[in-house]
Structure formats: C-alpha cells, structure tokens
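S.K.: Chains U and D, in that order, give the protein sequences.
Take this note's numbering: the final residue in the first sequence is number 252, and no numbers are missing along the way.
Take this note's numbering: the final residue in the second sequence is number 110, and no numbers are missing along the way.
Hints should not be assumed to be uniformly reliable.
[As the list claims (entries may be wrong)] Going by beta-carbon spacing under 8 angstroms, a handful of chain D positions derived as facing chain U:
#, residue
1, V44
2, H45
3, A46
4, D50
5, Q54
6, S55
7, D58
8, V59
9, R62
By construction, these hints were calculated from the structure, which means they are not laboratory data.
All residues carry an ideal CB built from backbone N, CA and C; glycine is no exception.
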Amino acid sequence: MSANLNLFTYLLRLADDNMVLSQRLGELVSWMPELEEDIAIANLSLDHLGQATSLYAYAGTIEAAGRNEDALALTRSEREFMNAVLVEQPNGNFADTIARQFLVDAYQVPLYQALSSSTDQTLGGIAQKAEKEARYHLEYSSTWLVRLGDGTDLSHDRAQSALDRMWPFAADLFATDDVEAAVAAAGMGVDPTTLRDSFDSTVARVVELATLRMPTDTYERTGGRTGMHTEHLGHLLAEMQSLHQAHLGATW
Amino acid sequence: MSYDVPIIEGEAEITFGGGAGAFPLWEVFVRASRGLNHVHVGSVHAADADAAMQSARDVYTRRNEGVSVWVVPSAQIHASDPHQKDAWFDGDHPYRHPTFYDIPDEVGHM
Numbered sequence: 001m002s003a004n005l006n007l008f009t010y011l012l013r014l015a016d017d018n019m020v021l022s023q024r025l026g027e028l029v030s031w032m033p034e035l036e037e038d039i040a041i042a043n044l045s046l047d048h049l050g051q052a053t054s055l056y057a058y059a060g061t062i063e064a065a066g067r068n069e070d071a072l073a074l075t076r077s078e079r080e081f082m083n084a085v086l087v088e089q090p091n092g093n094f095a096d097t098i099a100r101q102f103l104v105d106a107y108q109v110p111l112y113q114a115l116s117s118s119t120d121q122t123l124g125g126i127a128q129k130a131e132k133e134a135r136y137h138l139e140y141s142s143t144w145l146v147r148l149g150d151g152t153d154l155s156h157d158r159a160q161s162a163l164d165r166m167w168p169f170a171a172d173l174f175a176t177d178d179v180e181a182a183v184a185a186a187g188m189g190v191d192p193t194t195l196r197d198s199f200d201s202t203v204a205r206v207v208e209l210a211t212l213r214m215p216t217d218t219y220e221r222t223g224g225r226t227g228m229h230t231e232h233l234g235h236l237l238a239e240m241q242s243l244h245q246a247h248l249g250a251t252w
Numbered sequence: 001m002s003y004d005v006p007i008i009e010g011e012a013e014i015t016f017g018g019g020a021g022a023f024p025l026w027e028v029f030v031r032a033s034r035g036l037n038h039v040h041v042g043s044v045h046a047a048d049a050d051a052a053m054q055s056a057r058d059v060y061t062r063r064n065e066g067v068s069v070w071v072v073p074s075a076q077i078h079a080s081d082p083h084q085k086d087a088w089f090d091g092d093h094p095y096r097h098p099t100f101y102d103i104p105d106e107v108g109h110m
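Okay, chain U solo, but in the shape it has when bound (with noise of 0.2 angstroms):
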C-alpha cells in the first residue's frame, strides 16, 4: 500500500470511531433521565462529531479524490466503515453507555497524546485539541461508573453486568494490522498495542474505586478496523444516512 493510502485508512479508523460513538450517544438526546445529563450526553456526542469531522476532512484531502467529511461519513457502507466494534454495541440502559464510554476514553486519552507529537502536523493538532475532550470525558464516565459500582446494590449489579457484556469488544481497540505497522514507522500513527498498559491500568484503577471486579470473559470480538462488524451497525448506518440518501447533498 502507498504511504498516502495507509495514512487514509489510518485517519479513517480514528474518524469511524467517533463517528459511530457520536451517533450512538446522539440517539440518547431528550431520553436522559436528568436534564443536566442530557445535555452531558449532548456535550460528549459534540465533541467526538467534531473530532470525526476535522479527521474525515483531513482523509479527504490524503485521499485527493474529491471526497469531503459528508461523503466520507454518509455514503459510505456498512462493510466499509472500520470503527472498532465497541462503539456500535447499544446504549443499553446507562450502565451500558457509561462503561462503553469509559472503555473508550481510556483508550483515547492515551492514543491523543501520543498522536499529539505525531510527525504529521496536521494530525498532531487534531489530536491535542481532542485530547483536552478525552480527559473530561474520562473524569464524567470514570465519575459515573465508581457512582453506580459503589451506589446501591442494583446500579452495582448493573454496572458490573454493563462492563462484562461491553469488554469482549474492547480488545478491538487494540487490534492492529499493516496499516497501524506502516503508519506508526513512519511516526505519523500509533501501534495502538503500545497504548494498552494506560488503558489497563486506568481500567483496574477506576474498576477498583467504583467496587466492582475485573471481567473474567476472555473472548475477544474484533475485526471491525477491516468492516467486519456486529449486527447493530448497520441499522445505525442506516438511521444516520438515511436524510442524506433521501436529499442528495441537502444542506441547512
């Protein structure tokens, strides 16, 4: 593959992440349980469609083939995007969409500041304004899951369930392929295996304060930086395409 491609693929894994996060979270707008989390939830679902904006931009114009975010994010198929799997997994019930946000935020406060010293500059800028994001979203939901492990028994036992049925997808966050290989040599990208002791111990520590135990699972469901995803994304794509599909290119 061509540096140029390898980068490409490289911005789009990291944009597909965000994308599909951002949806999820998007979905739960005006059914939070308090204002005041609606409008967190809001904030977090902002912050990654602003960071998977400037990262599908940029892998527009590596590609040079006229595509710009909207066409990257909205005319794309199901087996072309390569988010990780976690992030399509359902909201849930809260417990769920706080330890699927915890597990990501533990990966990417990491991954950010590693890619801030990326040797692409324009990489590098987009990923030190995201990190500044990732560390408060890991404060909200590392906050909410010592709450809800350490709460009452109920919201333990649910978040104890949350962190065991969303770990099997976590280890797609780390899988790696000769894209990552490539653009991690050429110091632009980051082998993200080398990002799993912080996430590792950002997850025993908080597991810790919120009482809860290490998921015992050691089944790994990955394949989704190569489009091999579980059945839930493709009903989001559809959802998130669908205004698009119908209005070619409408704008407001």
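Based on these hints, arrange chain D on the given structure of chain U.
M.R.: For chain D alone, coordinates are given in the frame of chain U:
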C-alpha cells in the same frame, strides 16, 4: 396528570421536577475570565457537590463561558424578603451618587 412508573425491586424511588426524593438543587456561579467576579448563572440538580460541579460544567460552560465554576447548595442561600423590597431598596438617595462635583481633567477616566 400523573403516571405510574414501574419500580424494579430494590430501585430507589426518584421523582422528577423537584418533588421529595429529587436530587437537591445547587446554585451555579461562573467566572468569565481572570479578574472578573463569579456571576450567578443558574442552577442544577445533583446528588452531591462533585456531581453538581460536573453538571455545572456541562450545562453552563459549554460555549466557553468561563474559566472557573462554583456551586453552592441552594438551601444555603439566604435571600432578602421580596415583601421588604420597598423598605430595603426603593430609597431615593441621589446624593449618594458621586455626581455633584466636577472631576478635574487631569484625573482622566474614572
């Protein structure tokens, strides 16, 4: 109109809209930039101070409104009596404003 919300066994009963059992209210103060005072901007419901801080950040500083946030339990605010408004605030005391002398030009803008 009221609704019967099914409660799962073990689940605490929470009522929304400020009824008994709702999260307590906190007043939020935001400082727009260094050197300015914290200004009251509104309130949030939250279980405790940490949650109130987080909610205040999310609700009241999402468009770069501030660099610092305070939250105070609303129950701790002592307010003046609206019925005493005339006696407290309606006095016509123009002489208390420093407008009855000329400021020398050398002083410049005060």
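S.K.: Decide, hint by hint, whether the structure agrees.
M.R.: Hint check:
no.	hint	verdict
1	V44	5 angstroms, holds
2	H45	6 angstroms, holds
3	A46	7 angstroms, holds
4	D50	7 angstroms, holds
5	Q54	6 angstroms, holds
6	S55	4 angstroms, holds
7	D58	4 angstroms, holds
8	V59	5 angstroms, holds
9	R62	6 angstroms, holds
The structure fails none of the hints (numbered hints given earlier).
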